[in-house]
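Student: In order, the protein sequence lines correspond to chains A and B. Everything in the first sequence is counted per this note's numbering, starting at 1 for the first residue and increasing by one. Everything in the second sequence is counted per this note's numbering, starting at 1 for the first residue and increasing by one.
Treat the hints as calculated values from the structure; they're not laboratory data. Do not take every clue at face value.
Stated by the list, open to error - No farther apart than 20 Å at their CA atoms in a straight line, the calculated lysine to any residue pairs in the SDA-like style are these:
no.	chain 1	residue 1	chain 2	residue 2
1	A	Lys219	B	Ser65
2	A	Lys219	B	Ser22
3	A	Lys219	B	Leu284
4	A	Lys219	B	Arg14
5	A	Lys219	A	Glu204
6	A	Lys219	B	Pro8
7	A	Lys219	A	Thr234
8	A	Lys219	B	Ser21
9	A	Lys219	B	Phe83
10	A	Lys219	A	Leu207
11	A	Lys219	A	Phe29
Unchecked claim - Computed from the model, here is a short list of chain A residues facing chain B with C-beta under 10 Å:
no.	residue
12	Thr13
13	Phe29
14	Leu92
15	Pro96
16	Val103
17	Pro165
18	Leu207
19	Ala208
20	Ala211
21	Thr244
22	Leu248
23	Val274
From the three backbone atoms N, C-alpha and C, an ideal C-beta is built for every residue, glycine too.
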Amino acid sequence: MRPGDALFRVIVTAFAALIPLILLALLAFLVHDSWPALRFNGIEFFTRNAWNLGNQYGNPVTVRGEQVMPGASFAILFLIVGTLASSLIALLLAVPLGVGAAVFLAEAVPPRIRTYASLLVELLASVPSVVFGLWGYVVLIPFLSRHVYPHMARWLGFIPFFGPPSGSGYGLLTAGIVLALMCVPLIAANLREAIENTPQELREAGLAVGATRFEVVRKIVLPRLRLPLIGVSTLALGRALGETMAVLMISGNALNILPQNIYSPISTMASFMVSQLDSALQDPTNMAIYGIAEIGLALLLLSLLVNALARLLVPRSLSA
Amino acid sequence: MNAGAATPTQDRGRQRRRALSSMLGWIASGLAFVLLAFALLDILHTVFVRGFAALNLQLFLTPTSGIAGGLLNAIEGSALITFGALLLAVPIGVLGGIYVSEFGREYFARAVRFIADVLVGVPSIVFGLFGYLTMVTALGWHFSLAAGCITLAMMIAPYILRTTELALRGVSGELREAGYALGASQANLVLRVLLRECAPRVLTGILLAMAISMGETAPLIYTVNWSNYYWNGHLTHESVAYLTYVIWSFINEPFSSAHALAYAAALLITLFVLLITLLARLSLSRLEVRRSS
């Protein structure tokens, strides 16, 4: 190897090595800073609904070897439920919408205008989270709470969790709808590309035995794409789990309560981390910040798990 | 299925049912598309109509004061934060991308690629928390421009690495072979030939990363916070303003002047992000058409 090439190699390797270092740093510092909270909260962190900073005017007491304010407790079951429920609703809405839009774009739209028609769906991915939140706040919530949720509660009340009260519009279903819009482009774009790349012979074979064009898509093209679809949906789930600003602005920011129905206010782990920052900074023992760090650590591990799983399912696609 | 057993009438009935269900299938998929397109257009409509109504010259000439005033400090801050984040992330992403693409068969390269993919999916708020715990408090920088830039850089560097890698891999093998056959060193080949060949696609990745950092809010709340003033030149110990904060914070105020600022900020951010994304996507698709023809 020439000396110039050896140097080149060392330099690019060194820069690439910063990427694993970022991951190590995230893990190391989040574990380090949530350690006091891990010791103080124990396993109850995940099993109870009790986020309470304690009496901020009292004197700190020592519990399980950690300094906390009197009466403080940190447990986030309601955040776990809110995060998982809103993300699952988002996925239930986004997968059929994404598949439908991908089929339409790849099979029904002429190639000449396909690039532009696809933008109408795929540009949803580039709208900033906080703008989704703004739209949800000023347009979607007034519309849903006046014209949709009351009717859903009346007519769909026989389905569990769909009955009244239909709430203020801030809540689980609204968060799920907006999250679905945010992660649907990922599904639609990847699936559209995969449909376009399906070998032409397969379609022709289907048409030759007398299938309609839609039957070719439904029974030949889509079944081959089941695994990529699962992979990209997992990726979308990862997105929904960690979405912060939009959820913060439309979810109602529930504290210590579990949702009673799909209209109830919720909080997610990510949104709670922002909504609680100011009050956590007031805690003189810092235990509230350690508690937030523990939420962050849990969210990091959850997203690593979901994204690693997605990568193993779709080894060669970029989450654009 | 034995077609011979069916009478012509039954056959025609089944044909009609299949044609009908196919028609319904197309309608359903078309509706999915229309619904999503409508959502996008309604978001843009809301932001553009209310944003343009709130625009005036003062926004671009004065800083915010409380929940009124202009947006110049926020525009300046958004530009600074994005520029700083790109300044740090582009070298890491591009050089790292070269490594992953050119030494891709090594175990370490595959590990880097996998980790970069996983990091792209880590919620931005987690990066923000990391920035808060390390730079804002442990290093004592307080809420500051530097903390925000480094946090965003950590977020977008893995993204730039992956887009650069894919761009380099898209360069035809013949170009590499021709280069080596002429006796070019690897460093020369990559930097002078391959990177130039795929520069538009590398640039596209960088532009999209720029759009991502421009639209971020949550990690900045944790690392930069907010300031009503212009940047005073300090990298640490001084927070700056940025547009996305205005949207989130001012829309919750009960005054229409605050709402106007929020809509104006939303218009500026959305317009900017959308233009970058369109530029990146359309130039890329034009490029691909040219290549394939």
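Student: Are the hints correct? Go through all of them and say.
Tutor: So, going through the hints one by one against the coordinates:
1. A distance of roughly 61 Å separates the Cα atoms of Lys219 of chain A and Ser65 of chain B; the hinted pair therefore is violated under the 20 Å criterion.
2. Pair hint Lys219 of chain A plus Ser22 of chain B holds up; C-alpha atoms about 12 Å apart against a cutoff of 20 Å.
3. A C-alpha spacing of about 33 Å is found between Lys219 of chain A and Leu284 of chain B, which places the hinted pair above 20 Å, so the restraint is violated.
4. Distance check on the hinted pair: Lys219 of chain A and Arg14 of chain B sit about 17 Å apart at the alpha-carbon level, within 20 Å; holds.
5. Between the alpha carbons of Lys219 of chain A and Glu204 of chain A the distance comes to roughly 13 Å, so the proposed pair stays at or under 20 Å and holds.
6. Our distance criterion of 20 Å between C-alpha atoms is broken by Lys219 of chain A and Pro8 of chain B, whose separation comes to about 25 Å.
7. About 23 Å separates the Cα atoms of Lys219 of chain A and Thr234 of chain A, which puts this hinted pair outside 20 Å; it is violated.
8. Among the hinted pairs, Lys219 of chain A with Ser21 of chain B is consistent with the structure: their alpha-carbon atoms are about 13 Å apart, no more than 20 Å.
9. Using a Cα cut-off of 20 Å, the hinted pair Lys219 of chain A and Phe83 of chain B is violated, with the two alpha carbons roughly 49 Å apart.
10. In summary, the hint linking Lys219 of chain A to Leu207 of chain A is supported, as the alpha carbons are separated by about 11 Å, within the 20 Å threshold.
11. For a cut-off of 20 Å, the pair hint linking Lys219 of chain A to Phe29 of chain A is broken: about 50 Å separates their Cα positions.
12. Among the interface hints, the one on Thr13 of chain A holds; its C-beta lies about 5 Å from the nearest C-beta in chain B, closer than the 10 Å criterion.
13. Interface hint at Phe29 of chain A: satisfied, since its Cβ lies 5 Å from the closest Cβ of chain B, which is below the 10 Å cut-off.
14. Look at Leu92 of chain A: its Cβ only gets to about 14 Å from chain B, farther than 10 Å, so that hint breaks.
15. For Pro96 of chain A, the suggested interface contact is upheld, since its CB lies about 7 Å from the closest CB of chain B, less than 10 Å.
16. The interface hint given for Val103 of chain A is met, as the beta carbon of that residue sits about 4 Å from the closest beta carbon of chain B, less than 10 Å.
17. For the restraint placing Pro165 of chain A at the interface with chain B, the shortest Cβ-Cβ distance is roughly 24 Å, beyond the 10 Å limit, so the hint is violated.
18. Taken as an interface hint, Leu207 of chain A does not check out: its beta carbon lies about 12 Å from the nearest beta carbon of chain B, beyond 10 Å.
19. Look at Ala208 of chain A: its Cβ only gets to about 16 Å from chain B, farther than 10 Å, so that hint breaks.
20. Proximity of Ala211 of chain A to chain B holds as hinted, the smallest CB-CB distance being about 9 Å (cut-off 10 Å).
21. Evaluation of the Thr244 of chain A hint against chain B yields a held restraint, the C-beta minimum of about 4 Å falling below 10 Å.
22. The interface hint given for Leu248 of chain A is met, as the beta carbon of that residue sits about 8 Å from the closest beta carbon of chain B, less than 10 Å.
23. For Val274 of chain A, the interface hint holds, the least distance from its beta-carbon to any beta-carbon of chain B being 6 Å, beneath 10 Å.
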